[in-house]
Amino acid sequence: MKYISKTKLLAVVLVAFTIQACNKEEQVVAPTIANEALTTVSVIVTNTLAPFDKDTATWEQLLDANGYPLPVDVSKVDLTLKANATYTAELVLLDKSQSPVFNVSNEIKERANYHLFFYQSLPSMSAFVIPYTSGDVLPDPIPTNASTTATVSSNALNLTVSITDHDSNPQVYPLGLQSSFVTGANSTGWLRLMLRHQPNSKNGTYTPGSTDLDVGFNVTIQ
Amino acid sequence: MKTKNIFSVLTAIVLLTSTICAQEESTGNFFLGLSGGVSAPLGNFASTDLGEFGSWNNTSGFAKTGFNIGFDGAYYFHKNIGVGGVLNFSDHGGLTKDDATKLGDSYTDAFGVDESTVITNSRYRTLNFLVGPYFSLPFNKFSIEARALGGLAQSISTPEVSVQLEDNPAFTQLSSTASAFGWQLGLGFKYSFSEKMALSLMCDYFSTPGVAISNENRSNTAGRLVTNQQMSWINGSLGLAYKLK
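Chains A and B are the protein sequences, given in the same order. Note that my numbering gives residue 185 to position 125 of the first sequence, counting from 1, and the numbers run on in steps of one. Note that my numbering gives residue 1500 to position 21 of the second sequence, counting from 1, and the numbers run on in steps of one.
You may find that some hints are simply not true.
Said to hold, decoys possible - Only part of the chain B face toward chain A is listed, based on derived beta-carbon distances under 7 Å:
1) Thr1580
2) Thr1596
3) Asn1600
4) Gln1643
5) Asn1647
6) Thr1651
7) Ser1698
8) Asn1699
By construction, these hints were calculated from the structure, which means they are not laboratory data. Note that beta-carbon positions come from the ideal geometry of N, C-alpha and C, so glycine has one too.
Given only the sequences and the hints, what does the whole structure look like? Please build it.
What follows is the structure, encoded as structure tokens:
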């Protein structure tokens, strides 16, 4: 009996040792191998009632031979819209540092489940969709004195942007490559466009994630 | 290290068999056995293919060749036909550093981040309790043995994978203790080296449609997401059988 008890004990110990000895933890860090540059952003608007009424504004910041950003080209950032009209708007994002030019919009569409665009009309009478944060640097061509810290009671840009495309998350969050621009009375101001990258944290709000893109346009409604 | 582990298991088998032999008495037309050996994962369970962006493979298991150890017993109500069952433990390892790197690369790409940190621990350990018909075709001291079994596949653990995208909160594929239906087909032979004792060599194919895998803190649909782990493997086992009658 004594012999049997010892062998039982030994067998259990051997099996337990064999199983536990192999139960180890592994940890690795896997870096990315490449990232696209967002050099060129175009907003293409089409009047829903007059399809010939189109306009395109383009914000561009190319890279030098060493990959460093050149000054922002604001020569084509003016967007002119008719008052009291509705436009469909489409964003086209390009990486012109690659040859051939790479269409980043398609990439973002494929990765819609963790990307979200925010459109901020400035000055604004409504609550900001892009909240003001201390040290916020406005993108060209939006001047530093543009009201980004608080809403205004007059002289607001009468432009309301509603996102019309969505991702494939179960909650179906907006994306923002496609949107609707609804204009009001004549006014001038700026449109700030921001792309938030929210990996595994997209919830329809601005807060999670980091900013991939922050650009601006001059807007005239007449 | 692997050889050392296998040796330890085989030693345990022999010792446990001696224990059973010392305790049992011939009380009926039964046999009891203890066996163990190598267990090789197959198909998706063994696969390390992660797919690619837009079509991630959510079924590959990264299982490794490991070992199995088990008890079995059967009652023969006919000289060729019986009913019986097995209680079998299988271990198919965990994720290696290379596996974790591969997973990390896939999550880095899937979520378009600068880096992913992947931490893995735990391993595939499964306990099966299966019953069904046994068949025996004796030739002198040899007999050809076959069995077709079905029953419970109980996961004791599966690899846990925790992924942190840059500095975002980590999400985790949890270790599973779920159960599922499993089935097994086996073929082999026995050699009776004494009136009561036989040496067996069996080859068994086991399969289960899968055990449920839970995930924690997955907020967006992107990247590989495992919710069910199909398992299949082939066991090659050497064992000792004790005839009770």
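Query raised in the report: Which numbered hints are broken by the structure, listed smallest first?
Result: Violated hints: 4, 6; rest satisfied.
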